[in-house]
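Peer 1: All chains, full assembly: derive it from the sequences and hints.
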Amino acid sequence: MSWKKDTWTGWGRILKAEGELARPERSAALAKLAPEAPAIGNCRSYGDASLVSEGRAISMVRLDKILFFDEADALIHVEAGATIADLARILAPRGFLPAVMPGTGFATVGGCIAMDVHGKNHHGAGSFGQHVTEITLATGQVLTPSDPLFKATVGGLGQTGPIASAKLKLLRAKVDVMMVTERRAEDLDAFLNLLDTSEATYTVGWIDATATGDALGRGILEEGETGAGLVPPAKRGRRVPFNAPGWALSAPIVRLFNKSYYNRVPAAGRTSVKPIDDFFFPLDRIHDWNKLYGKKGFHQFQCVVPLAGRSALKPMLEAIATSGLASPLAVLKRMGPGRAGHLSFPMEGYTLAVDFRNRTGTRGLIQELIAEAKAVGGRIYFAKDSVARAEDIPGMYPDLATWAEAVNAADPDHAYETDLTKRLNLRNAK
Amino acid sequence: MTETWILLGATSSMARAMARQLADEGANLLLAGRDMADLEAQATDLALRGATSAEALRFDARDAETFAPIIAKAESLAGEGQINCAVFVGSMPPQDAIDADPSLIDGTVTDSFTGPARFLQMLAPKLEAKGKGLIIGVGSVAGDRGRIGNYVYGAAKSGFATYLSGLRNRLGRSGVHVMTVKPGFVDTAMTWDVEGMFLVASPAQVAAHMLKKGRKGRNVLYTPFFWRYIMAIIRSVPEPIFKKLSV
Chain A
164 MSWKKDTWTG WGRILKAEGE LARPERSAAL AKLAPEAPAI GNCRSYGDAS LVSEGRAISM
224 VRLDKILFFD EADALIHVEA GATIADLARI LAPRGFLPAV MPGTGFATVG GCIAMDVHGK
284 NHHGAGSFGQ HVTEITLATG QVLTPSDPLF KATVGGLGQT GPIASAKLKL LRAKVDVMMV
344 TERRAEDLDA FLNLLDTSEA TYTVGWIDAT ATGDALGRGI LEEGETGAGL VPPAKRGRRV
404 PFNAPGWALS APIVRLFNKS YYNRVPAAGR TSVKPIDDFF FPLDRIHDWN KLYGKKGFHQ
464 FQCVVPLAGR SALKPMLEAI ATSGLASPLA VLKRMGPGRA GHLSFPMEGY TLAVDFRNRT
524 GTRGLIQELI AEAKAVGGRI YFAKDSVARA EDIPGMYPDL ATWAEAVNAA DPDHAYETDL
584 TKRLNLRNAK
Chain B
20 MTETWILLGA TSSMARAMAR QLADEGANLL LAGRDMADLE AQATDLALRG ATSAEALRFD
80 ARDAETFAPI IAKAESLAGE GQINCAVFVG SMPPQDAIDA DPSLIDGTVT DSFTGPARFL
140 QMLAPKLEAK GKGLIIGVGS VAGDRGRIGN YVYGAAKSGF ATYLSGLRNR LGRSGVHVMT
200 VKPGFVDTAM TWDVEGMFLV ASPAQVAAHM LKKGRKGRNV LYTPFFWRYI MAIIRSVPEP
260 IFKKLSV
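So the protein sequences, as listed, match chains A and B. Note that our numbering has the first sequence beginning at 164, numbered continuously upward. Note that our numbering has the second sequence beginning at 20, numbered continuously upward.
Take these hints with a grain of salt, some might be off.
[Unchecked claim] Once the Cα atoms are required to be at most 30 Å apart in a straight line, the calculated DSBU-like pairs of lysine-lysine come out as:
(1) Lys167/A to Lys459/A
(2) Lys585/A to Lys179/A
(3) Lys235/B to Lys149/B
(4) Lys337/A to Lys437/A
(5) Lys201/B to Lys168/A
(6) Lys167/A to Lys201/B
I should point out that these hints are in silico values taken from the structure, not numbers from a laboratory.
Peer 2: Right, dumping it as structure tokens:
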């Protein structure tokens, strides 16, 4: 009982693992398994962060209970397998929300900690880990932010062992709907200026990664504020029943789609009211949307460059736009400095995320983008990457060696290594 | 009106899925089982998810002393309201473990049949007096025909199904409905590492199906529905042939 042979993939469906999975349904069962293998959640990381080839992993998805909720302190204690969407659904009617919500509600609390994820309010609220007040590891060890192992666990890619539960400080807000303002940005400079001057609590920019010439870097800035009022609940999710054919996201179709998507917002902009889920988790309405990329899967590239590295964005977008490989999913956003772990992704600057079909030339293009981001002092996001090489990483993450030392002391047998940590040789960083 | 539900074997995957759906409806939930730490945590979770009340109570199919307090609690909670009960208990030791130690049969039959039957026998007059109520008893397709791989478990579930059939016959006269459920392959801890599983249903799907059909008065429910046809085929294989198969 417990371990089962299985094959599973990251969200991008290019990398996969053949190994063994356990899926404990009670915390007592988790405690027994925890010394053996790292934990995984809903496998929403695009690359190999949740993969353990020829090894073992513990799926946390059935351990998703709320253990304690203190309205007076705005504090919730939840098991690591609880999803962000689940928490938002339960908390919103009571006047609370998770302080930070990533772009998919399927992400688990454990995964959000292990990646120190950010949301559309990062410039103001900081990263997910900054709102975690306590982490209980499956071994029983309790970590508070002052504990040295806390910084190795938050953003720590699961390398300090499975997280059983965590206490989260919540945002106190009466949220029934989101009030969303959409404005066009005609080119990259206009877009960056809009981002720089935005005073909204939540912002996200959709960028037309196929536009070239004068329109290079054009897009739509979405600014959101929470609001109270009534709207009907979001409709039930639809599924993508099969893998889309290869031409579904070919260059001409994406160009056409992006053009109409851009033009759908009037030149003067517009404000509308949306359900919470539609604003925070727009793609979750379509389950398995990753199948739209067909059997070959897709890559996501995400980097952040410091404010001073702003000039690097233009050549990166030029390379992307002329490649014909970009999908409609491309995001540009300004980040604040907030981060809570040694390996946390955020830095003050601009973050660019683009999905690419998996075709000849995609890996090469992403390699090029990684180098350009690194050259201006930027870094790539481990939750998304499936292309980088070990030598790309050290300059990007200055605390990498500190992290590796802490993690290796906590896990001397390397029981919690994943395909990601091995590929990028993260734990041997000096 | 708020319903009061007794869930026997509440730590099972299907019971937990059903409990969440009932919490959404605002029911009173009595979570009965053996792992008290887990049940207490579940009770907190369900109360936050909308249950009017949720409480953990000890239930051990092999310890009849635990039965009466649960029934008493349900009666005091429900007042004039409806009491329902869903039975998820059962145990399935590997057949080779039973071959090595035949005394395991006693526990298997108690867990899967006589324990819950005795509980329902105690509950039945209370529901009869109310003239309303729903009992959902989870059997198994394994009870439809004895097979080489798990015939002791199958025999116990078969006995439970026959018991439920009789209870339905009795309680139907006073407005209480009894539904027998025969789940096929469900994605639970019990089946996690079993090889050769196909068309596996999620506990949430099965729980929703059970609640919907139980309330509509279905007598015997195969879930997912196509198991009715799979089992019809398996039952129709003539014994001289069946005894040579290892299905």
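Peer 1: Run every hint past the structure and note whether it holds.
Peer 2: We went through each hint and held it up to the structure:
1. For the proposed pair Lys167/A and Lys459/A, the alpha carbon gap of about 26 Å is at most 30 Å, so the pair holds.
2. Note on Lys585/A and Lys179/A: the hinted pairing holds, with a Cα-Cα distance of about 14 Å set against a maximum of 30 Å.
3. Distance restraint check for Lys235/B and Lys149/B: the Cα-Cα separation of roughly 19 Å lies within the 30 Å cut-off, and the hinted pair is therefore satisfied.
4. As the CA atoms of Lys337/A and Lys437/A are separated by approximately 15 Å, the hinted pair is consistent with the 30 Å bound.
5. The suggested pairing of Lys201/B with Lys168/A holds, with an alpha-carbon distance near 27 Å, which does not exceed 30 Å.
6. Using a Cα cut-off of 30 Å, the hinted pair Lys167/A and Lys201/B holds, with the two alpha carbons roughly 25 Å apart.
No hint from the list above goes unmet by this structure.
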